[in-house]
Amino acid sequence: MNSIHFDGVSVRVSVDGSDTAKTLLHDVSLELTERRIGVIGANGSGKSTLLRLLNGLVAPSEGRIVVHGDDTVANVRRIRRNVGFVFTDPLSQLVMPTGREDVELSLRRSIKNSKERAARAETVLARFGLLGLADQSIYELSGGERQLLALAAVLAVDPKVLVLDEPSTLLDLRNRELLRRTIAGLDQQVIMSTHDLDLAMDMNRVLVVESGRIVFDGDAEEGVARYRMLCAAALDELPTSSRKGDVPR
Amino acid sequence: MRGHGFLIANYVPGNSVIHRAPLLLKFLVVAACGAASFLVVDWAVSLVVFCIMCGLFLLSGAGLRRLAGAIRMVAPIVLVIGLFQWWQLGGPTAARIVLNILVCVVAASVLTATTPVQDLLDGVVSLAKPFRRFGADPERFALTIAVMLRSIPFIAGAFADVRDSARARGLERNPRALVLPVFITTVAYARQTGDALAARGLGEPEDPLEP
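Chains A and B supply the protein sequences, listed in that same order.
Add 102 to a position in the first sequence, counting from 1, and you land on the number used in my numbering.
Add 1377 to a position in the second sequence, counting from 1, and you land on the number used in my numbering.
Please keep in mind that the hints were generated in silico from the structure rather than gathered at the bench.
Heads up, the beta-carbon is just placed ideally off N, CA and C, and yes, glycines get one too.
Check before you lean on any hint, since a few could be wrong.
Not the full set, but computed from the structure, chain B residues with beta-carbon under 8 Å of chain A [as the list claims (entries may be wrong)]:
| id | residue |
| --- | --- |
| 1 | D1496 |
| 2 | A1523 |
| 3 | A1575 |
Across the chosen pairs, the derived CB separations fall in these ranges [as the list claims (entries may be wrong)]:
| id | chain 1 | residue 1 | chain 2 | residue 2 | range |
| --- | --- | --- | --- | --- | --- |
| 4 | A | L275 | B | A1413 | 54 to 60 Å |
| 5 | A | A176 | B | S1503 | 42 to 48 Å |
| 6 | A | R330 | B | A1513 | 53 to 59 Å |
| 7 | B | V1418 | A | D260 | 21 to 27 Å |
No farther apart than 20 Å at their CA atoms in a straight line, the calculated lysine to any residue pairs in the SDA-like style are these [claimed, not checked]:
| id | chain 1 | residue 1 | chain 2 | residue 2 |
| --- | --- | --- | --- | --- |
| 8 | A | K214 | B | T1521 |
| 9 | A | K217 | B | V1502 |
| 10 | B | K1506 | B | G1438 |
| 11 | A | K214 | B | A1408 |
| 12 | A | K262 | A | I285 |
| 13 | A | K214 | B | L1579 |
| 14 | B | K1506 | B | A1408 |
| 15 | A | K217 | B | P1493 |
Using the sequences and the hints given, assemble the complete structure.
The structure is reproduced here in structure tokens:
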């Protein structure tokens, strides 16, 4: 039950509303059972699409995804409850003016009594060391504090799976380390896309995505090495035109 | 992004008589101020009500700075409306209209400055409960209010950013350089907010079969 299955999943979208379809993911079949799974790849390779499928934010054009026993299309309500999703930019995710209010908003569905809800929010904020910042405007917090707060708001409802879409992209080194330690201490199954290869090395399993295909699936060290090779090959192709003196006008 | 001053004052913790007043009473005062803006025809009455509202705001302990901040946010648009009405209908009518708008802003600020947002949302849910029989979800009403409270400062911030960018490029007099980017940013923000709410399962109808 505690696994995630991708069964022949493809995602296609129409381009500018025309009949021409662009394929974002090609025939992905996977079984994810590890506690920490990293997804790495270039920008536009299909990482975010792969992650969004897990929470039902994107529906597959073909195939199906089953997360801990629930189909992401048929049981989307339960999926949203069981799969927490953290976006790259916490400001696009935090809805309320302060941290306390945002965590309480997450809890509105599950806890109807306002006093119980406030107490639970207090516990969640304390767990992440955010109690002192709970009543500050989210705009007064640092990037790392906001990202931690977004994480706290998602984890407040105790999901089984946590999906993070490039969570460290906007963070400085200190906040990145803080996030890394926090993620390491979580009980949830974590699936995370990242450009931070140190963070990827912490994972039990790494998927390398290239042009909508899983081109590597294995341990972190090999996955990162494969990704570096792909990047180097892409860079080798780039300077060719400039070597010839073909400077684009 | 900057310029996130709230049009409506944020909650200020306290134990004043206004803080302790029942939420329904505060709702009714705001509603009465809104209704009065259509009914009151004498600018002097509007001025008295405005002074009373300002008095209530200060009594709550929220402070003169927050009061001035709430008024400052609407000052440019109120000024434009006031000048137009003065030109069209004369001084007393312009004063009445401007004061009535300010009464509504200050009344709403009294409510938000003395009521935690969660209590406000609980109140909205309670008020919306009768609509359940028509298929409405009261929690969605509350979520709509929450998103509205969040979106106003965001759009104000987006406008400030775009204005600075336009200035840096010498385009501050070009309305297209101001309006279009704000519009595009706002649409992108709406989509992101929709995704974020969906990802958190907020705004979805309750399933009575689920525990």
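Quick rundown of the hints versus the structure:
no.	hint	verdict
1	D1496	holds, 7 Å
2	A1523	holds, 6 Å
3	A1575	holds, 6 Å
4	A:L275 with B:A1413: 54 to 60 Å	holds, 57 Å
5	A:A176 with B:S1503: 42 to 48 Å	violated, 34 Å
6	A:R330 with B:A1513: 53 to 59 Å	holds, 54 Å
7	B:V1418 with A:D260: 21 to 27 Å	violated, 57 Å
8	A:K214 with B:T1521	holds, 18 Å
9	A:K217 with B:V1502	holds, 16 Å
10	B:K1506 with B:G1438	violated, 32 Å
11	A:K214 with B:A1408	violated, 27 Å
12	A:K262 with A:I285	holds, 14 Å
13	A:K214 with B:L1579	holds, 14 Å
14	B:K1506 with B:A1408	holds, 18 Å
15	A:K217 with B:P1493	holds, 12 Å
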